[in-house]
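Chain order of the listed sequences is A and B. When we follow our numbering, the leftmost residue of the first sequence carries the number 161, and every step to the right adds one. When we follow our numbering, the leftmost residue of the second sequence carries the number 161, and every step to the right adds one.
In case anyone wonders, no lab produced these hints; they're calculated from the structure. Remember, it's a predicted structure, so these values are computed and weren't measured experimentally. Backbone N, C-alpha and C define an ideal beta-carbon position, used for all residues, glycine too. One or more hints might be untrue.
Claimed, not checked - To list a few chain B residues with every Cβ distance to chain A over 12 Å, as calculated: (1) 161; (2) 167; (3) 350; (4) 563; (5) 575; (6) 730.
Claimed, not checked - Computed footprint of chain B on chain A, listed as stretches where at least three residues anywhere in the stretch have a Cβ under 8 Å from a Cβ of chain B: (7) 168-177; (8) 474-488; (9) 676-684.
Number of protein chains: 2
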Amino acid sequence: MRELLRAARREEPSDLLLKGGRFANVFTMEYETADIAVKDGIIVGIGEGYEAAEVVDCSGGTIVPGFIDGHMHVESTFMTPRNLAATIVPLGTTTIMPDPHEIANTCGMEGIRFMYAESQGLPLDIYYGAPSCVPASNFETPREMLTAKNIRELFDEGICTHLGEMMNYPDVYLGNRDVWSKLEAAKGKIITGHAPQLEGADLIAYILGGPSCDHECESIENALEKLRLGMWLMVRQGATARNLTALAPLIRENEFLTTRAMAVSDDISPDFIRQRGHMNGCIRELIAEGVSPLAALRMTTFSPAEYFQLFDRGAIAPGRIADIVLLDTLESCKAKKVWKRGNLVAENGKLVLPIEGADSRRFPGNKNSVPMPLLQEIEVRPPKNAIKAPRINVIGTIRGQVITKRLEMTPTVKDGLITADPDRDIAKLVVVEKNQGTGRTAVGFVHNYGMKRGAIASSIAHDAHNYTCIGADDTSIKKALDTLYAMGGGIVLTDGDLVLAKLELPVGGLMSTLPFDELCAETAKLAEARKILNPDNAEAFMQLSFLSLSVIPELKLTDQGYCDISAGGAQPLFVED
Amino acid sequence: MRELLRAARREEPSDLLLKGGRFANVFTMEYETADIAVKDGIIVGIGEGYEAAEVVDCSGGTIVPGFIDGHMHVESTFMTPRNLAATIVPLGTTTIMPDPHEIANTCGMEGIRFMYAESQGLPLDIYYGAPSCVPASNFETPREMLTAKNIRELFDEGICTHLGEMMNYPDVYLGNRDVWSKLEAAKGKIITGHAPQLEGADLIAYILGGPSCDHECESIENALEKLRLGMWLMVRQGATARNLTALAPLIRENEFLTTRAMAVSDDISPDFIRQRGHMNGCIRELIAEGVSPLAALRMTTFSPAEYFQLFDRGAIAPGRIADIVLLDTLESCKAKKVWKRGNLVAENGKLVLPIEGADSRRFPGNKNSVPMPLLQEIEVRPPKNAIKAPRINVIGTIRGQVITKRLEMTPTVKDGLITADPDRDIAKLVVVEKNQGTGRTAVGFVHNYGMKRGAIASSIAHDAHNYTCIGADDTSIKKALDTLYAMGGGIVLTDGDLVLAKLELPVGGLMSTLPFDELCAETAKLAEARKILNPDNAEAFMQLSFLSLSVIPELKLTDQGYCDISAGGAQPLFVED
Chain A
161 MRELLRAARR EEPSDLLLKG GRFANVFTME YETADIAVKD GIIVGIGEGY
211 EAAEVVDCSG GTIVPGFIDG HMHVESTFMT PRNLAATIVP LGTTTIMPDP
261 HEIANTCGME GIRFMYAESQ GLPLDIYYGA PSCVPASNFE TPREMLTAKN
311 IRELFDEGIC THLGEMMNYP DVYLGNRDVW SKLEAAKGKI ITGHAPQLEG
361 ADLIAYILGG PSCDHECESI ENALEKLRLG MWLMVRQGAT ARNLTALAPL
411 IRENEFLTTR AMAVSDDISP DFIRQRGHMN GCIRELIAEG VSPLAALRMT
461 TFSPAEYFQL FDRGAIAPGR IADIVLLDTL ESCKAKKVWK RGNLVAENGK
511 LVLPIEGADS RRFPGNKNSV PMPLLQEIEV RPPKNAIKAP RINVIGTIRG
561 QVITKRLEMT PTVKDGLITA DPDRDIAKLV VVEKNQGTGR TAVGFVHNYG
611 MKRGAIASSI AHDAHNYTCI GADDTSIKKA LDTLYAMGGG IVLTDGDLVL
661 AKLELPVGGL MSTLPFDELC AETAKLAEAR KILNPDNAEA FMQLSFLSLS
711 VIPELKLTDQ GYCDISAGGA QPLFVED
Chain B
161 MRELLRAARR EEPSDLLLKG GRFANVFTME YETADIAVKD GIIVGIGEGY
211 EAAEVVDCSG GTIVPGFIDG HMHVESTFMT PRNLAATIVP LGTTTIMPDP
261 HEIANTCGME GIRFMYAESQ GLPLDIYYGA PSCVPASNFE TPREMLTAKN
311 IRELFDEGIC THLGEMMNYP DVYLGNRDVW SKLEAAKGKI ITGHAPQLEG
361 ADLIAYILGG PSCDHECESI ENALEKLRLG MWLMVRQGAT ARNLTALAPL
411 IRENEFLTTR AMAVSDDISP DFIRQRGHMN GCIRELIAEG VSPLAALRMT
461 TFSPAEYFQL FDRGAIAPGR IADIVLLDTL ESCKAKKVWK RGNLVAENGK
511 LVLPIEGADS RRFPGNKNSV PMPLLQEIEV RPPKNAIKAP RINVIGTIRG
561 QVITKRLEMT PTVKDGLITA DPDRDIAKLV VVEKNQGTGR TAVGFVHNYG
611 MKRGAIASSI AHDAHNYTCI GADDTSIKKA LDTLYAMGGG IVLTDGDLVL
661 AKLELPVGGL MSTLPFDELC AETAKLAEAR KILNPDNAEA FMQLSFLSLS
711 VIPELKLTDQ GYCDISAGGA QPLFVED
């Protein structure tokens, strides 16, 4: 410590000196021109007269704190923490706060521990939220239920620092004992929220439970109500769920609100990252919406740091860790250099050195053996002895949305079997339970999804992430499921017995071990193959991944069968009169 | 908890409903019109449609959070915590963060424990800082030195929540081991600062030690430098040290800075409270300086709550404790009603019910026996065998300041004794060590203090608070000191053998047991008597109380003799050639 003090008082040289740039002061919301001295990874000097072993000329550039993503899911990026770090650190992100609830569903506590272990030693600080809602509902089958006791363990072992998004908002405001025991387990810690469309008295009761932020605001009215009630606003800009344009006017009109607002990414895909970046993309987009550059910066640095009480970062100030980005300008938000704890880790969009070590650890996979369904087991026959033509429940998808409609339709019957029918835009949906290895299989039908032929199988199916397949014929479905099983998870597109494209996601059935560039090449192939099978639905992968999420209305299919949470739960395939 | 939820969801009546008023929203910085429901001391509803056992019509009024004083010393008010609560709660203050370092000097750990015990069960939350600088320097004699171990004890026992003002800034930035061990003991806790005129590299090094706020800013330049470096600004408005007018323009020009700024009172006297109130007075004065009412409010509610991480208060919001003030308007800031944790505790400037219990506990006093000096022991004789006329060091006071000048003067000699001389405005100053009961006595002289006759003795003499007396003749001094000793501390004014006025401060030699009104009547008598003895110096009591504070330049007198910190320490009475 004495050395830091001597460096601060210019009696000794520092390690690093950023010279001649202007820096963004998030306390006073202004640019300052000053040199910045760093020693032992800590900012020890701001001003003039400092010397250092290494001097970096920053003239003409803008120096900002490393970006912080206050809410995201590593699994959505298809990358392991290591590969994700290699991708987003060069974009200026130095801290993320992920909720590992995807892998928690497929691999339980083992999965969370794996994520934590893989997050050590990276040039990116990863602070995990303890998943609060595994399973998402009783209609879904995770590897294991995460209880309050598990959550306490995750805190006690230092694996998690806060409570992950509390999605089960009705049980919070209704006072459900199990949910409240999880809230109790997180007492004194930050409890993050998830409260779509919640308002009025129910929202107030939800807040009493402890959730202090929300990333599910779609309208200014809802965002403002939550801000007024003391919640922090997370303006989400994900690959699919994008609220930035809707909410930016709120910030633009009153930038004081940046004191309680931040930008987060929630679910972002490799392609999305490639096209628009990470938090640097949020800054650009906020500025494009008319938010001032410093306010946009605050929403991606100081505000998330304050919300998560990470008082050691989020600003260029003495005593804070030297997570620093040298940009050309905030407006273009291109990271010329990135320092993590004072070490130069990226330059011009590339890591300076590869991240040490390798993804060598045994990663948690699926149960060794899952009895996959035979062809006959995915066939659907009309009820025997039926007096009149049967009618079935069908999931009606809506483009651009994850909610669905429950439709009643007369099925297409061929050779005594109820089948998919591309002409009527009816596809067959099959879900095979994998997390517990039972192979329990449910079959349903989907309207308006756009399958012309073949099948798409995926092990990404929120939140339980079972083997899920949608297709136009049983042969394609069977081939896709078997291929998926053989890969240990991923995404497969088949046309009859032909595999058109596949992406292996062996890490928990959710993540690839490929680095970013190779991963993007693979996902591009998936997109090409999708155009053959389902030319009109650019959201096909995303929609498929939400067809099992039981907590979103109306009709969904889990391994336990149809479920409509808005109609009280389980639903039959055949409509009963 | 279920009951709170049911009340929040309007399924059950609440305890209290504030109906028809507008309230100040410190998150969005706007007034809102809504009813506010309270149950079990918690705000559970904001909006319409609530019912409650007790409904209060607030129409026409403004509802605000209870005020918070982020830095003050209870001892300066001459009141015990109980009497102080009875005085300031009716003014709208519901939380204070005092540093008990005065009683820590006179009574050690016992004194701090006493203050904590006396602070329980009040309608005022009192969170103490652990005194970080007892003694203020090695030239002062406290009851006991407070070490890092003591500080750790105070935290472990829950007596203190943060580290009190770290006044020894040179030893922070120089890396002194003892001081740093105290900073280490406070790791992870808020460390409050005290850094007058500190700037540049030394200020940065001080910040590296952990202090994250400062209440010693006198200029906008210094305040802005500290804000830019990430410190929180405490705009102090004390009875003597008043920085509000100087700093208000900074806030007025950029109210975004209220996110990092608060108003505090530091040292306030009974008369000051009577004349202008407490935090309500700060709000009025800030508004008078052109700060917007909501910004002024934020500086006395939400900002201190945020700084001290008291996330359960400082705002009218669900889940926060119902510390609520009903004002006529923010501009006049008159508290019509005050609720503490949902209980009505004050109305129209008066407590609703007396505070339960009484000041019945044994309070820490002085050592039973202090050998007080004989008359001969306060006499000063010129050195024997002196070749030429002696010259002495004299403390030169400056009106309106606590700093002094070191003067060299030729003393007045009468009957072979060096004496005070009202004609030349030279008074004699005597300090008698009381905290350890040694009775060690030091004598010096003061110029420009204005004593025409008689003596003023006081046991308030920062920071060690020894028996201190300034006078125009030895008889008055002796009488004043003996009376002071007999009272166990306080303030005494004598004229020869006549006691003109006295105030007993038996609690640690610092605090009275009198309630506010009686106390003010007594202090008024002191002021009248002062006018007889020292008609021109309205600051006489305040100046006397700082004549022993060794850490402020130039010349001071402690029980160990003259001290000039700017000249390296101890100084002799007689100037050596």
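Okay, the hints, checked on the actual structure:
no., hint, result
1, 161, "6 Å, violated"
2, 167, "9 Å, violated"
3, 350, "10 Å, violated"
4, 563, "25 Å, holds"
5, 575, "55 Å, holds"
6, 730, "27 Å, holds"
7, 168-177, "holds (count 3)"
8, 474-488, "holds (count 5)"
9, 676-684, "violated (count 0)"
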